[in-house]
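Here the protein sequences come in this chain order: A and B. Letter by letter, the first sequence follows residues 1 to 159 of our numbering. Letter by letter, the second sequence follows residues 1001 to 1159 of our numbering.
By construction, these hints were calculated from the structure, which means they are not laboratory data. Check each hint, because a few of them may be wrong.
[To be verified] Pairs of lysine-lysine residues, derived as DSS-like cross-links and limited to a Cα-Cα distance of at most 27 Å, are as follows: (1) Lys79(A) to Lys1074(B); (2) Lys1152(B) to Lys152(A); (3) Lys1074(B) to Lys74(A); (4) Lys91(A) to Lys64(A); (5) Lys69(A) to Lys79(A).
[Stated by the list, open to error] Facing chain A, a subset of chain B residues (Cβ under 8 Å, in silico): (6) Asp1026; (7) Pro1094; (8) Arg1155.
[Said to hold, decoys possible] Computed far set for chain B versus chain A, every beta-carbon distance over 10 Å: (9) Gln1021; (10) Leu1045; (11) Phe1055; (12) Asp1098; (13) Thr1115; (14) Ser1143.
Just so it is clear, the structure is predicted and the values come from calculations on it, not from any experiment. Positions of the beta carbon are idealized from the N, C-alpha and C atoms, including for glycine.
Protein chains: 2
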Amino acid sequence: MNQKPSSPAPEIPAFLLRDFQEIMADMAQCCKERSQFQADRFGLLEAELRCLMLFGDERYLTSKHIARKMNVAKSRISKIVAGLVDRGLIKRSPDPDDSRISLLSLTPEGQSLLTQVTAYSREMSRIILQFIAPEQRVAIIESLGALRTSMKTARDLLE
Amino acid sequence: MNQKPSSPAPEIPAFLLRDFQEIMADMAQCCKERSQFQADRFGLLEAELRCLMLFGDERYLTSKHIARKMNVAKSRISKIVAGLVDRGLIKRSPDPDDSRISLLSLTPEGQSLLTQVTAYSREMSRIILQFIAPEQRVAIIESLGALRTSMKTARDLLE
DNA sequence: GGCTTTTGGTTCATGGTGTGAACCTACTCT
DNA sequence: AGAGTAGGTTCACACCATGAACCAAAAGCC
């Protein structure tokens, strides 16, 4: 390779870093706006919507599970779950083996709303990806995957 | 190509959409944590740090400009600016042409802190990109750029 | 069995982020 | 000069989130 041997760790040119930072900031902003818009659209709070979506993966969840998945203090979950229960989207059932635990699951209305939400969310992603040339889509998503891994690795370096 | 001609708009396979959504969610989470960590590290609030960074581009800013750049209500800016002024990082000077306006600019301490912050921030980006194979970096950032554009376009479609 | 300890959840106090309305002052436009 | 407009501040309010205190039930342990 024709690299300058004198420089010890130049590696990444400044303009790339600058672009990268700016792009990431923009994308984060977009994501935030989108999730707000989406919650609004379905008449939920953002946190509630995020919580509701967890029931796409599992039929029954406990507050503790939700707290872990959402990466949020358990006291916060109490509120969020209460909101969803009030709205009639999820319900509590007693755990037969442990009376401390409420098993949370979707009501029919919750199920139905979740279906709409996931459809809508998928549609949004589809729209975004449609602006990308078809032959680039796989490459981009692979890039993103690599980037995500890098970001997680970097994060874990900070304690 | 060997596509089924019967389906009108299949286009993007489901697994791609799914990956995409999950990756974006993860990355957004990472970004959020990082900016929180960063603010903490420099003893600022997140909003204050974001505000401070704006002074990297321009020497003088008004509350109105900041509000536009941060995409936040002007009442919020009052608070954020007050915080930065209290901390001695920015100062207000009267606008000679319009006494309603305060021209905001960095104090020496603010300047110094900003320098540290941008250095740190650049370093974080560098670390992240270093986990990416060097020959892929440019490609990934170009992908990101394309994706950002798509996301903005998609966002603008929703009113 | 009785004791402590742990665990799942709730409530409360607190603080950061943000909006929108009301308001004041100063500028602008006739 | 008077009406309207623009920059800022303050206030009331809502959401997101944490940590501490607390309770009840379960698990461990003599």
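(message) Next pair to validate is Lys91(A) with Lys64(A); report whether the Cα-Cα distance is within 27 Å.
(response) Distance ~16 Å between Lys91(A) and Lys64(A) Cα, so the pair holds.
(request) Closer than 8 Å between Cβ atoms is the bar; does Pro1094(B) clear it against chain A? Give me holds or violated. (result) Since the shortest Cβ distance to chain A is 32 Å, the answer is violated.
(request) Test the statement that Leu1045(B) is away from the interface with chain A: the closest C-beta pair must be farther apart than 10 Å. (result) holds, 17 Å
(request) Verify that the Cβ of Phe1055(B) lies farther than 10 Å from every Cβ atom of chain A, and report whether the claim holds or is violated. (result) holds, 16 Å
(message) For Lys69(A) and Lys79(A), compute the direct alpha-carbon distance and say whether it is at most 27 Å.
(response) holds, 16 Å
(message) Against the 27 Å threshold, does the CA-CA distance of Lys1074(B) and Lys74(A) hold or violate the hint?
(response) violated, 34 Å
(message) Between the alpha carbons of Lys79(A) and Lys1074(B), is the straight-line distance 27 Å or under?
(response) violated, 30 Å
(message) Would the hint on Arg1155(B) be counted as holding, given a Cβ-Cβ threshold of 8 Å to chain A?
(response) holds, 6 Å
(request) Compute the least Cβ-Cβ separation between Asp1098(B) and chain A, then decide whether it is above 10 Å. (result) Holds, since 30 Å exceeds 10 Å.
(request) With 10 Å as the threshold, tell me whether Thr1115(B) passes as away from chain A on beta-carbon distances. (result) Label holds. Min Cβ-Cβ 15 Å, cutoff 10 Å.
(message) So, as I understand it, the hint says Asp1026(B) touches chain A; can you test that by seeing if any CB pair is closer than 8 Å?
(response) holds, 5 Å
(request) Mind checking the alpha carbons of Lys1152(B) and Lys152(A) for me, to see if they're no more than 27 Å apart? (result) Holds: Lys1152(B) and Lys152(A) sit about 25 Å apart, inside 27 Å.
This entry does not satisfy hints 1, 3, 7, 9 and 14, going by the numbered hints stated previously.
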